[in-house]
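Below are the chains, spelled out letter by letter.
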Amino acid sequence: MVESIRAVIGRDLRLAMRRQADIVAAMFFFIIVVSLFPLGVGPEAAQLRRLAPGVLWVAALLATMLSLPRLFADDHRDGTLEQLALAPQPLALIVLGKVIAHWLVAGLPLVLLAPLLGIQFDLAGDALAVLTLSLLIGTPALSGIGAIGAALTLGVRGGGVLLSLLVLPLYIPVLIFGAGSVDATLSGLGPQAHLSLLGALALGGVFFAPWPTAAALRVALE
Amino acid sequence: MLEASNLECVRGERRLFAGVSFRLAGGEMLYLQGKNGSGKTSLLRMLCGLTPAASGDIRWRGRPIGKLGDEFRSELCYLGHQNAIKEELTPLENIRSSATLAQETLDADAALDALEQLGLLSRADLPCRYLSQGQKRRAALARLVHEKRALWVLDEPYVALDAAAVELISGLIGAHLQRGGLAVLTTHQTVAVPAAALRELWLGADDAAQ
Chain A
1 MVESIRAVIG
11 RDLRLAMRRQ
21 ADIVAAMFFF
31 IIVVSLFPLG
41 VGPEAAQLRR
51 LAPGVLWVAA
61 LLATMLSLPR
71 LFADDHRDGT
81 LEQLALAPQP
91 LALIVLGKVI
101 AHWLVAGLPL
111 VLLAPLLGIQ
121 FDLAGDALAV
131 LTLSLLIGTP
141 ALSGIGAIGA
151 ALTLGVRGGG
161 VLLSLLVLPL
171 YIPVLIFGAG
181 SVDATLSGLG
191 PQAHLSLLGA
201 LALGGVFFAP
211 WPTAAALRVA
221 LE
Chain B
1 MLEASNLECV
11 RGERRLFAGV
21 SFRLAGGEML
31 YLQGKNGSGK
41 TSLLRMLCGL
51 TPAASGDIRW
61 RGRPIGKLGD
71 EFRSELCYLG
81 HQNAIKEELT
91 PLENIRSSAT
101 LAQETLDADA
111 ALDALEQLGL
121 LSRADLPCRY
131 LSQGQKRRAA
141 LARLVHEKRA
151 LWVLDEPYVA
161 LDAAAVELIS
171 GLIGAHLQRG
181 GLAVLTTHQT
191 VAVPAAALRE
201 LWLGADDAAQ
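Residue numbers (the numbering used here), protein chains in the order written: chain A, 1 to 222; chain B, 1 to 210.
Think of the hints as simulated: they come from the structure by calculation, not from any bench.
There's no promise every hint is true.
[Said to hold, decoys possible] Which stretches of chain A does chain B cover? Using the computed rule of at least three CB atoms under 8 Å from a CB of chain B, they are:
1) 81-90
2) 153-166
[To be verified] Distance windows between CB atoms, simulated:
3) Gly37/B - Glu3/A: 21 to 29 Å
4) Ser5/B - Glu3/A: 55 to 63 Å
5) Leu112/A - Ala163/B: 34 to 42 Å
6) Ser196/A - Ser5/B: 28 to 36 Å
7) Thr41/B - Val41/A: 53 to 61 Å
8) Gly155/A - Arg61/B: 27 to 35 Å
9) Gln20/A - Ala25/B: 48 to 56 Å
[As the list claims (entries may be wrong)] Some chain A residues near chain B, calculated using beta-carbon distances under 10 Å:
10) Glu3
11) Ser4
12) Val8
13) Glu44
14) Arg50
15) Leu51
16) Arg70
17) Asp75
18) Asp78
19) Asp122
20) Gly188
21) Leu189
As the structure is a computational prediction, the values presented were derived from the model and not from experiment.
We treat Cβ as the ideally placed atom computed from N, Cα and C, and that holds for glycine.
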């Protein structure tokens, strides 16, 4: 079981390494969107600090959306998805592997960039740490929930827009608790409650999403 | 071992075929024929369990394939229209990673041997996007060299292949049948598979003949 998940992760990471332009594009999108806000809003530090958690989290959601349409589309186009669906192991396990690989490629870079970008918003050290931690806990949920949407819109014309309409509303809880954890730190309350809820969302997203995703993929393959 | 009874296929509003039945034992090959659009690919996908049949059932070793699930899938080798080859990976990486995903062990020597038989050894380290159509097809077919699964379902395996490769693949299918395996394939070419107990099935445009 662990073997086959690892095999999928290994394959997807290798493919991502051969197509680095995709990863870099999503990272630059994240950097640019976040950097536009201080330029647009003005340099008043107190206001920027208040905006920071929301801006970074919304930018992270949008950057994740960029890479989601290709999560299954490439495998679908070249016939690999059929082979994965016919492999002896349950399709949900393969999906779990793909979700983990997607997070490593699309989610983890955002986490690593966050502290750097947070400095633009004059965030203090503890707030920066909580922001990074909240993204670390929350971005796996984005990959998991996003996989359901990517599978449901597979092979649909104009699927990209539909995918955003489908998935972004489902990201709302993650956004609320993610940005909320940093707000709570800034206002002197602890971030623990928000982070715990975020952790629950992430666990749910990563470990329950593969089943509906697998079912949607089987329908798409019919 | 493989038994289909009264299969019906409906695509959109159209009924492609109905009442298709056959029985295939070890060492036998089913040669599926029919015009374009007669439902050959749909029938193959039904046999794999990818597309559900509108009616009728498919049994493997006497049990419905839907119930068998992964037990059936671990005895099935399906090769579709599309090559299932990743353009970014080399032929060697492709066949090794697809073997791993199919839960088979294929060491580097066996993989290289397969590529050598398909005449791809000199291209083993070249990303597949630089290969020609025929070479990509060969890379996809390389898995048949060491494939030990009992049921091979091949959709147009000979497309884009040259005469030498066609003969090679026919030989591989023949050897598979001699080991007691089963094969179902479609092709528009006339191909002689050596020593095959051959069954033919015609899918008509409207009337499904057996």
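Structure-based check of each hint:
Taking a C-beta to C-beta cut-off of 8 Å, the stretch 81-90 of chain A contributes 9 residues in contact with chain B, enough for the three needed, and the coverage statement holds. Here the stretch 153-166 of chain A counts 0 residues with a CB under 8 Å from a CB of chain B, which misses the bar of 3, and the coverage is violated. Roughly 41 Å separates the CB atoms of Gly37/B and Glu3/A, a value that falls outside the hinted 21 to 29 Å. The hinted range of 55 to 63 Å is not satisfied by Ser5/B and Glu3/A, whose Cβ atoms lie roughly 37 Å apart.
Distance hint check: the CB atoms of Leu112/A and Ala163/B are about 54 Å apart, inconsistent with the given range 34 to 42 Å. A hinted range of 28 to 36 Å is violated for the C-beta pair Ser196/A and Ser5/B, which are about 56 Å apart. Under the hint 53 to 61 Å, the C-beta atoms of Thr41/B and Val41/A, about 57 Å apart, fit the expected range. Under the hint 27 to 35 Å, the C-beta atoms of Gly155/A and Arg61/B, about 33 Å apart, fit the expected range.
Distance hint for Gln20/A and Ala25/B: a CB-CB separation of about 51 Å, consistent with the stated range 48 to 56 Å. Hint status for Glu3/A: holds, given a least beta-carbon distance of 8 Å to chain B, under 10 Å. At its closest, the beta carbon of Ser4/A sits 6 Å from a beta carbon of chain B; the interface hint therefore holds under the 10 Å criterion. Annotation: Val8/A was flagged as interfacial toward chain B, and the flag holds, the nearest CB pair being 7 Å apart, inside 10 Å.
With 10 Å as the threshold, the beta carbon of Glu44/A stays out of range of chain B, its nearest partner Cβ sitting at about 47 Å, so the hint is violated. For Arg50/A, the interface hint is violated, the least distance from its beta-carbon to any beta-carbon of chain B being 44 Å, above 10 Å. Given hint, Leu51/A at the interface with chain B, is violated; its Cβ is 40 Å from that chain's nearest Cβ, farther than 10 Å. The criterion of a C-beta within 10 Å of any C-beta in chain B is not met by Arg70/A, whose closest approach is roughly 13 Å, and the hint is violated.
Restraint check, Asp75/A versus chain B: the minimum CB separation of about 9 Å is within 10 Å; hint holds. Taken as an interface hint, Asp78/A checks out: its beta carbon lies about 6 Å from the nearest beta carbon of chain B, inside 10 Å. With a cut of 10 Å, the hint placing Asp122/A at the interface with chain B is violated, because the nearest CB-to-CB distance is about 42 Å. At its closest, the beta carbon of Gly188/A sits 50 Å from a beta carbon of chain B; the interface hint therefore is violated under the 10 Å criterion.
For Leu189/A, the interface hint is violated, the least distance from its beta-carbon to any beta-carbon of chain B being 47 Å, above 10 Å.
When held up to the earlier numbered hints, the structure conflicts with 2, 3, 4, 5, 6, 13, 14, 15, 16, 19, 20 and 21 and fits the remainder.
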